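Visitor: Each chain, written out:
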Amino acid sequence: MATPILEAAAADGRFERVTVVLRAHLAAVLEGGPLAPHLCPLAHGASEGALYRALAPDAVLLLSNSLGAAWRAFGAGIPVRAGAALAGRGPLLTHRVVPPTRGGRRLPIPSAHLMADAAGLLGILPASLHPRLHVAEGARAALRARLAELGLPRTARYALCTPAAAFGAAKMWPAEQHARALDLLRERFGLRGVVTGGPGEEEVLRAVARAARHAVLDLSDEPRDLEKLKALVAEATLLVSSDSGPRWFAAALDVPCVTVMGPNFPALTASALERCEVVRLAGLECAPCLERVCPLGHHRCMKALAPEAVLEAAARLLAALPAGAAR
Amino acid sequence: MSPGAPLARDARLLLRLPAWVGDLVMAEPLVRALEGYLEGGALTLAGAARHLALFEERFPRAQRVEPSVPAAWRGHDAALLCTGSFRSAWRAFRAGIPRRIGFARDGRAWLLTDAPAPARERGATPLGLGRAGGGRRLLPRPLERSLAELAGLVGVAVRDPRPRLQLCERWRAQARARRARLGLAPDEPFLLASVGARPGSAKGLPPERWQAVLVPLARASGLPLLLLAAPGEEAAQEALAAACPGARSVRAPAADLPELAAHCAEARLVLCADSGARHVARALGAAVVSVAGPTDPRHAAGERAREVLLRTLVPCGPCHRERCPLPAAQALRCWHELDVERVLSAARAALVG
Numbered sequence: 078m079a080t081p082i083l084e085a086a087a088a089d090g091r092f093e094r095v096t097v098v099l100r101a102h103l104a105a106v107l108e109g110g111p112l113a114p115h116l117c118p119l120a121h122g123a124s125e126g127a128l129y130r131a132l133a134p135d136a137v138l139l140l141s142n143s144l145g146a147a148w149r150a151f152g153a154g155i156p157v158r159a160g161a162a163l164a165g166r167g168p169l170l171t172h173r174v175v176p177p178t179r180g181g182r183r184l185p186i187p188s189a190h191l192m193a194d195a196a197g198l199l200g201i202l203p204a205s206l207h208p209r210l211h212v213a214e215g216a217r218a219a220l221r222a223r224l225a226e227l228g229l230p231r232t233a234r235y236a237l238c239t240p241a242a243a244f245g246a247a248k249m250w251p252a253e254q255h256a257r258a259l260d261l262l263r264e265r266f267g268l269r270g271v272v273t274g275g276p277g278e279e280e281v282l283r284a285v286a287r288a289a290r291h292a293v294l295d296l297s298d299e300p301r302d303l304e305k306l307k308a309l310v311a312e313a314t315l316l317v318s319s320d321s322g323p324r325w326f327a328a329a330l331d332v333p334c335v336t337v338m339g340p341n342f343p344a345l346t347a348s349a350l351e352r353c354e355v356v357r358l359a360g361l362e363c364a365p366c367l368e369r370v371c372p373l374g375h376h377r378c379m380k381a382l383a384p385e386a387v388l389e390a391a392a393r394l395l396a397a398l399p400a401g402a403a404r
Numbered sequence: 011m012s013p014g015a016p017l018a019r020d021a022r023l024l025l026r027l028p029a030w031v032g033d034l035v036m037a038e039p040l041v042r043a044l045e046g047y048l049e050g051g052a053l054t055l056a057g058a059a060r061h062l063a064l065f066e067e068r069f070p071r072a073q074r075v076e077p078s079v080p081a082a083w084r085g086h087d088a089a090l091l092c093t094g095s096f097r098s099a100w101r102a103f104r105a106g107i108p109r110r111i112g113f114a115r116d117g118r119a120w121l122l123t124d125a126p127a128p129a130r131e132r133g134a135t136p137l138g139l140g141r142a143g144g145g146r147r148l149l150p151r152p153l154e155r156s157l158a159e160l161a162g163l164v165g166v167a168v169r170d171p172r173p174r175l176q177l178c179e180r181w182r183a184q185a186r187a188r189r190a191r192l193g194l195a196p197d198e199p200f201l202l203a204s205v206g207a208r209p210g211s212a213k214g215l216p217p218e219r220w221q222a223v224l225v226p227l228a229r230a231s232g233l234p235l236l237l238l239a240a241p242g243e244e245a246a247q248e249a250l251a252a253a254c255p256g257a258r259s260v261r262a263p264a265a266d267l268p269e270l271a272a273h274c275a276e277a278r279l280v281l282c283a284d285s286g287a288r289h290v291a292r293a294l295g296a297a298v299v300s301v302a303g304p305t306d307p308r309h310a311a312g313e314r315a316r317e318v319l320l321r322t323l324v325p326c327g328p329c330h331r332e333r334c335p336l337p338a339a340q341a342l343r344c345w346h347e348l349d350v351e352r353v354l355s356a357a358r359a360a361l362v363g
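First to last, the sequence lines map onto chains W and E. Letter 197 of the first sequence, counting from 1, is numbered 274 in our numbering, and no numbers are missing. Letter 89 of the second sequence, counting from 1, is numbered 99 in our numbering, and no numbers are missing.
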């Protein structure tokens with residue numbers, strides 16, 4: 078979601094040097110594009126404060142909303158510190174945005190809006206908030222070659238499924254329903270199901286593949302990283318995703334995406350929806366609860382969500398694609 | 011976090027549209043989203059007829075009403091207010107509309123049922139701006155962003171945030187007929203400069219600065235120059251027409267919004283200040299070079315494809331004042347210090363691109 082802001086900052090002639098500090102494992106997401114020369118990955122366990130002191134920037138734009146990030150920037154003596162006044166960190170920021178509120182509580186607004194508002198404090202004004210990622214042709218070709226070895230022909234169209242969610246079990250749709258949705262997509266559009274996820278999510282992937290009636294390609298035993306995930310999404314005809322990171326890969330690569338959502342506010346992520354449909358159960362009194370695990374134990378927001386809703390959303394998205402855009 | 015209850019899909023909703031042309035254009039994605047959302051309901055667009063002309067042949071299911079007519083507000087289940095005025099909230103309240111949605115501004119929160127406080131900014135002067143204003147200040151941000159959040163509050167997703175206007179054949183014919191009367195062939199390429207400004211307004215580029223841009227640009231490009239101004243803003247246009255040899259002036263009568271839109275859509279390049287014409291041109295996908303003086307660029311920093319915005323940093327701006335508060339000897343610094351060469355260079359690049 079931050080890519081438009083980062084690219085606008087990198088292209089801004091007012092800044093002599095722009096450094097993008099991010100967790101090391103995320104650097105692969107931004108590799109291959111205009112941001113690559115600006116990346117400064119922060120290794121696990123490394124001191125963010127020490128890095129700030131070494132870089133000695135004139136200004137820091139904090140796109141995370143944590144108190145810790147503001148504290149470290151303050152501690153490093155960066156003169157200009159801009160960000161959203163959340164998590165009680167307002168006094169640590171020299172320039173701050175107070176998001177809209179309702180009844181004294183924060184109004185759920187798209188994170189992309191909040192980041193753009195914060196960027197505006199430094200005069201960074203992206204021309205669009207639509208995210209962008211870049212995938213090297215070599216990465217696509219290597220992926221297709223490997224998928225072919227695994228039994229998916231190079232020109233075959235597939236529906237990629239990322240069923241897990243690092244946030245917690247409450248965000249996860251049951252494996253059987255993911256599998257049923259993939260079967261429906263196979264029947265209606267001839268899309269082969271491919272299932273992937275992050276480290277530690279292997280059991281979820283296998284459960285989806287086991288529950289499907291058609292031969293879903295399970296990548297749980299393959300080496301998986303964010304760079305490969307980018308290529309997998311870029312080559313997919315459709316992504317079926319939980320409300321998690323891969324959804325934004327699809328948005329940034331203009332791949333149609335159906336996101337199944339349960340405990341979250343759709344308004345928090347209501348940006349870059351041109352090719353994304355959020356499918357959720359309406360009318361539940363307990364949702365959105367924002368909890369990592371269902372506090373009532375029934376997890377109805379996800380369990381009662383029918384796979385047919387994903388199929389219908391996918392049909393709408395694929396039908397709305399401009400001529401020549403369909404993969 | 012505190013969202014509102016979702017709007018019923020069969021609700022009868024009155025949408026009070028903004029009173030300014032640029033803001034109206036920025037509200038277009040919301041209108042599109044609401045029309046799609048209200049499957050079994052009804053959408054009423056409350057706005058000035060001359061502005062709603064920009065939505066001709068669009069939103070066929072929506073009823074259009076004049077907001078100044080109290081009776082037009084009655085009979086709705088909900089009102090969504092794109093304006094920040096007390097008056098619009100009062101009208102919704104007096105009309106007995108049960109759900110009234112809008113930002114808490116202008117002392118009207120008590121009249122509304124869903125009234126989020128708008129985003130604010132605190133702290134030092136933002137970089138790239140001269141001054142931040144004083145006290146408790148609202149965050150300058152594109153209206154389409156705020157309206158998308160207001161819609162999200164009631165469960166409506168604005169899927170495509172980019173304002174889009176659609177050119178009607180009638181508009182095109184009207185504009186072409188005008189250009190024919192001015193000696194231009196229907197398909198002849200031209201430069202369009204929207205040069206109007208309210209008399210004495212600080213928001214318009216002074217005619218002598220326009221002249222410094224337009225005369226060399228027209229000469230270098232070899233393209234005919236069409237000058238345009240909104241009704242009531244013709245003084246600046248006439249001054250400029252006299253100073254730009256060969257320029258064609260759209261006047262008597264001034265162009266209405268559909269005609270302006272059609273000229274924008276067919277121009278090779280649109281040059282304008284930070285005005286309504288800028289938003290109309292952007293929403294039609296035209297190539298635009300715009301210049302901003304006392305206005306904060308964050309207000310119009312929404313989705314844009316083919317626009318270059320130029321401004322200069324002055325210690326007193328952006329002041330957003332209608333009249334420049336500086337003494338006469340220093341007045342309009344934001345305009346007089348704008349580098350004409352930069353504008354020319356951006357315009358030449360846009361013509362090549």
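I should point out that these hints are in silico values taken from the structure, not numbers from a laboratory. Note that this is a predicted model, so its numbers are computed, not measured. Even for Gly, the Cβ is constructed at its ideal location relative to N, Cα and C. Check the hints yourself; a few may be wrong.
[Claimed, not checked] Pair by pair, the computed Cβ-Cβ distance ranges are:
{"hint": "1", "chain 1": "W", "residue 1": "Ala113", "chain 2": "E", "residue 2": "Ala359", "range": "50 to 60 Å"}
{"hint": "2", "chain 1": "E", "residue 1": "Gly85", "chain 2": "W", "residue 2": "Leu361", "range": "24 to 34 Å"}
{"hint": "3", "chain 1": "W", "residue 1": "Leu144", "chain 2": "E", "residue 2": "His330", "range": "30 to 40 Å"}
{"hint": "4", "chain 1": "W", "residue 1": "Pro276", "chain 2": "E", "residue 2": "Gln176", "range": "44 to 54 Å"}
{"hint": "5", "chain 1": "E", "residue 1": "Ala183", "chain 2": "W", "residue 2": "Gly267", "range": "44 to 54 Å"}
{"hint": "6", "chain 1": "W", "residue 1": "Gly154", "chain 2": "E", "residue 2": "Gly210", "range": "46 to 56 Å"}
{"hint": "7", "chain 1": "W", "residue 1": "Cys363", "chain 2": "E", "residue 2": "Gly210", "range": "51 to 61 Å"}
{"hint": "8", "chain 1": "E", "residue 1": "Ala190", "chain 2": "W", "residue 2": "Ala219", "range": "53 to 63 Å"}
{"hint": "9", "chain 1": "W", "residue 1": "Pro276", "chain 2": "E", "residue 2": "Arg174", "range": "37 to 47 Å"}
{"hint": "10", "chain 1": "E", "residue 1": "Ser355", "chain 2": "W", "residue 2": "Gly267", "range": "35 to 45 Å"}
{"hint": "11", "chain 1": "E", "residue 1": "Trp30", "chain 2": "W", "residue 2": "Glu362", "range": "51 to 61 Å"}
Visitor: Look at each hint and say if it fits the structure.
Guide: We went through each hint and held it up to the structure:
no. : hint                            : verdict
1   : W:Ala113 x E:Ala359: 50 to 60 Å : violated, 26 Å
2   : E:Gly85 x W:Leu361: 24 to 34 Å  : holds, 31 Å
3   : W:Leu144 x E:His330: 30 to 40 Å : holds, 33 Å
4   : W:Pro276 x E:Gln176: 44 to 54 Å : holds, 48 Å
5   : E:Ala183 x W:Gly267: 44 to 54 Å : holds, 47 Å
6   : W:Gly154 x E:Gly210: 46 to 56 Å : holds, 47 Å
7   : W:Cys363 x E:Gly210: 51 to 61 Å : holds, 59 Å
8   : E:Ala190 x W:Ala219: 53 to 63 Å : holds, 59 Å
9   : W:Pro276 x E:Arg174: 37 to 47 Å : holds, 42 Å
10  : E:Ser355 x W:Gly267: 35 to 45 Å : violated, 52 Å
11  : E:Trp30 x W:Glu362: 51 to 61 Å  : violated, 40 Å
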